[in-house]
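Colleague: Position chains D, E and F relative to chain S; hints supplied.
Chains as they are written, first to last, in this note's numbering: chain S, 1 to 322; chain D, 1 to 484; chain E, 1 to 97; chain F, 1 to 97.
Treat the hints with care, as some may be off.
Residues on chain S that point at chain D, a partial pick, calculated with CB under 7 Å [claimed, not checked]:
{"hint": "1", "residue": "Ala118"}
{"hint": "2", "residue": "Gly128"}
{"hint": "3", "residue": "Asp157"}
{"hint": "4", "residue": "Val163"}
{"hint": "5", "residue": "Val164"}
{"hint": "6", "residue": "Ser167"}
{"hint": "7", "residue": "Gln174"}
{"hint": "8", "residue": "Leu204"}
{"hint": "9", "residue": "Ala262"}
{"hint": "10", "residue": "Phe276"}
Calculated from the structure, these hints are not laboratory results. Please read all numbers here as calculations on a predicted model, not as lab measurements. Just so it is clear, CB atoms sit at the ideal spot from N, CA and C, and this is done for glycine as well.
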Amino acid sequence: MSDALLLFDLLLALAVVAIAAAALLVRDAFAMIVLFVVFGLLSALAWVRLAAPDVALAEAAIGTGLTGALLLKTLHHLRARGMAGWQPGAVAQRPVPRAVAWLNAGLALAVMAGLGVAILGSPLRVTGLEIAVAEAMPLSGVENPVTAVLLNFRAYDTLMEVVVLLSAVIVVWQIERGAGPAPAPSLGPVWQGFARLTLPAAALVGVYVLWAGAEAPGGAFQGGAMLAAIGLMMLLTGLYRPHPDHRGLARLLFVLGTVAFAATALLVAGGGRASFEYPPSYAKTLILLIEALVTISIAVTLTALFHGREPVALKGDLRHDP
Amino acid sequence: MTGPDWLTLSIILPLFGAVAAFILPRAAAGLGLTTVAATTLCVLMMADQVAALGAVTVPLGGWGAPLGIELRADGLSVAMLALTGMVGLLVSVSAIDAFAGDRTARQRQYFWPLWLLLLSGLNGVYLGTDLFNLYVMIEIIALAAVGLTVLGGTREALRAGLDYVYASILGALLFLLGVGLIYLQLGRLDFAGVIAAPPSAAMTAALAVMFVGLALKTALFPLHVWLPAAHANAAAPASALLSGLVVKGALYIVLRLAGYMPALTEDILTLIGLMGAGAVIWGGIQALRAERLKLLVAWSTVAQIGLIFVALARAGERGLSDSWKAAALLILAHGIAKAAMFLAAGRIKDEIGHDRIRDLDRSPIRPTLAQVTFALAAISLIGLPPSLGFIGKWQLMEGAMMAGYWHWVAITMIGTLFSVAYFSRVLAGFLRFDRVRGGPLAEHHGWSGADAAPLILASAAVLLGLAAGPIIAFIDLGAGGAMP
Amino acid sequence: MTAIISMVLIGAGTLFFLAGTIGLLRFPDLHCQLHALTKADGLGLTLIGLGAALLAGSAGDVARIALICAFAALSGATCGHLIARHARRGNSEARDV
Amino acid sequence: MTPDLIYGAAGLAVFGIGLWGAIALQDRMRRLLGLKLCSVGAGFVLIVGAWREPPAAPDPMPHALVITGIVVMLSATAAALALIRRLHDLEDADDRP
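For reference, chain S alone in the conformation it holds in the complex (with noise of 0.2 Å):
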């Protein structure tokens, strides 16, 4: 059996290289777009693997299905503005020698080369932190140990992700103001049918995988973004139509994650407690409130992210933004 299973990583591996290259490689944007898709899945397959289902929850939902979201958004404006027949590679802005290009491949190789045998030639398979992790537990107030980790052991990091999604936002914003609206894609009837059906699946789910993640994989960033999953379908089917007046209660959901994490991180401090100390009597009730108002601001962050630029009225505009 344990055989069998090594040839399963084996293949796994091999494939999870092979397209990694391939995406790389291949001539056409659109088929690059489809093998990274293919190969984060794989690479969350691998990780389910290795015992890591929170991961690859995460990697699957976010770091593959809404960055080939955000990939094929970006690949679809490219293609619909100018340059009928655009190509990578038909911006490139000088051809690269031959002999630097090889060189480029032989850096590359010889660093990864190099960080193996390093790697290699040392003893291996330290104790990590999960005693401390395992003691600490109690305390935590949730029972399960990444969401325990991420927010309540390193919730300063967490926070800080936040911010980062936050950042986000708000540089995309500023990047395409006065940009014209995107060319919206018409998806059909099937689609608008799908949509429909699914729409109220897909809340309950992305509820589900936050109040879940107390206990079992799943948490705020999976959870959120199997609720963006929601708004990038209500996106595409014009459901809902960005609008103006609507900035304000987006910069609000925006934020609301950062405020109530930070604020709480400051309102639990004194008395002898530091910041970001729960007392462990309150603490699930804080973590859980905490994940539902970050979920929310992920939710719509990841959204707008997806939407790009912020809704304003620019002239001659109207007809998209009505």
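Modeller: Relative to chain S, chains D, E and F alone:
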């Protein structure tokens, strides 16, 4: 820990400010300036604590490292925080003026949230003691800095911004790979654990990967290619922040790690020094060739960063614990002077209408105060006494001479000569009046209240050299203990 | 007995996947490829799901597997439709999607 | 041969491929994809560091770190893609007579 938690506050306060400025775009400038001032106040209170206690540690969440994350303030962190606060405050003041008009309304709207996020990230780096946390922080810095780079929205700025994004992400990911490799070795990521690690090939490899990533982020030669365009094409306050503060974030991490790494051998230090020497020479040559003022200033950043790495390497393995002081002084001096210089260059460009170096002396408008500011900043960057830059270079050369490393002394001298040469190109243009066409000089000399903030910064860069003794004593606080 | 039946079902499902994949690689144009892929994979997944449901311990697990199959069938069909639509429009109208 | 060794090597290889793509390729989206591959490669290294021989549970700390890394990478990707779109529009407008 006694008293309020100034460390956490100095990170979270700018965060709240950024949120407020984002939600209330109309009041962004006022909110932003207030927040920066309040954060600087936090840093001053922290400085007071550190002066009294030596070093302050906050175990966030009460867990303590390595399970949780700890914040730690010692002399060096507070010096960097103070640099950020001081430069940030004065750049903020001049940003109010720079983004005043209707034409820049949207730039103003986004400048404040981005700058406050940047401040939060920088403060987080200076107080962080956990490698992964540093990764998250440098990503916040990177995103905010990219937003600031492309604030103007021109094609050149966007192109430079995209190159910057690639360099920045790649640098951060190399750092992350190093973090992963270290976790593989040690099973923990806090500084204390990393410092206590026995030297091994794997540790050296992991640290080397992290160093390459950070070198990419600080634009150390030959990984500097993204910097000149990014810094030269941004709006003036953004350039001042990028060149004065942002590159210091990654530089500080290098400094922190380099000071305590047992894995650093003489060979690696020499290599770092050689890269720095390359930057000094190549940056100098490019600054001599630059046609525009802001590009010249940006290339001089490449050269100065190289000099800071020379300072790190100059004393060799034996003197490493000492050589970071020279590097720290040079970082402080460069941060203040370069911010002043970019603000002055922006003012000159605004008043004259262009920043072509060879036509600087043909303008009938003479923005005198901005020119004086530029000259003062140049004094500190060249390293003339009594400026802070002079003290930094003096420390560097003294250490190198005592160690008998004459080649580093020579590199420093060459860098100084280069900087005299390229700054003279600009200063000569300020002083010549004979090529002005079209009658006498204009009545208005082209200066206003907007020149005050850069002038204060430039004066500080020169005058702080007189207070070098206390500064060196301060950055030494808390450095001698068992912890970093 | 159940184990054998479920093994057979899963084996058959895998065969359908294999056939679909061969179709994807060997058929000449996009519509034929879609034809091979959507039908064969849909059936393959359902068979594997059936096999797995026989092995499942609880009614909850069976319900979950049924849901997975239903949603996979739904999204598979929609995806196939979207790809075909995209391809047809790409040929006639000038690059709509 | 153990899974951690296999996937660790795969992770390093993926990072190397991504590194090559990010420094050697010209196309903007492809370079970004290279960076994304690097982030997945680094994720592999961390997750391999968390893996323990089966009866033992894995170390949850790296898992949390990788989740953070995934979200951070998505943010950076979104910003870079916005830049690519905007830049394309501007360059496109320039190219037109």
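Colleague: Now tell me, hint by hint, if it's right for this structure.
Modeller: A quick look at each hint next to the structure:
For Ala118(S), the interface hint holds, the least distance from its beta-carbon to any beta-carbon of chain D being 3 Å, beneath 7 Å. About 4 Å separates the beta-carbon of Gly128(S) from the nearest beta-carbon of chain D, less than 7 Å, and the hint is met. Contact between Asp157(S) and chain D, as hinted, is supported at the beta carbon level, the nearest pair being about 5 Å apart and thus within 7 Å. With its C-beta approaching chain D no nearer than about 6 Å, Val163(S) sits inside the 7 Å limit, and its interface hint holds.
Interface restraint check for Val164(S): the shortest CB-CB distance to chain D comes to about 6 Å, inside 7 Å, so the restraint holds. For Ser167(S), the suggested interface contact is upheld, since its CB lies about 4 Å from the closest CB of chain D, less than 7 Å. Hint on Gln174(S) holds. Least Cβ distance to chain D is approximately 4 Å, under the 7 Å limit. Annotation: Leu204(S) was flagged as interfacial toward chain D, and the flag is violated, the nearest CB pair being 31 Å apart, outside 7 Å.
About 5 Å separates the beta-carbon of Ala262(S) from the nearest beta-carbon of chain D, less than 7 Å, and the hint is met. Hint status for Phe276(S): holds, given a least beta-carbon distance of 4 Å to chain D, under 7 Å.
In terms of the numbered hints stated before, the structure departs from hint 8 and from no other.
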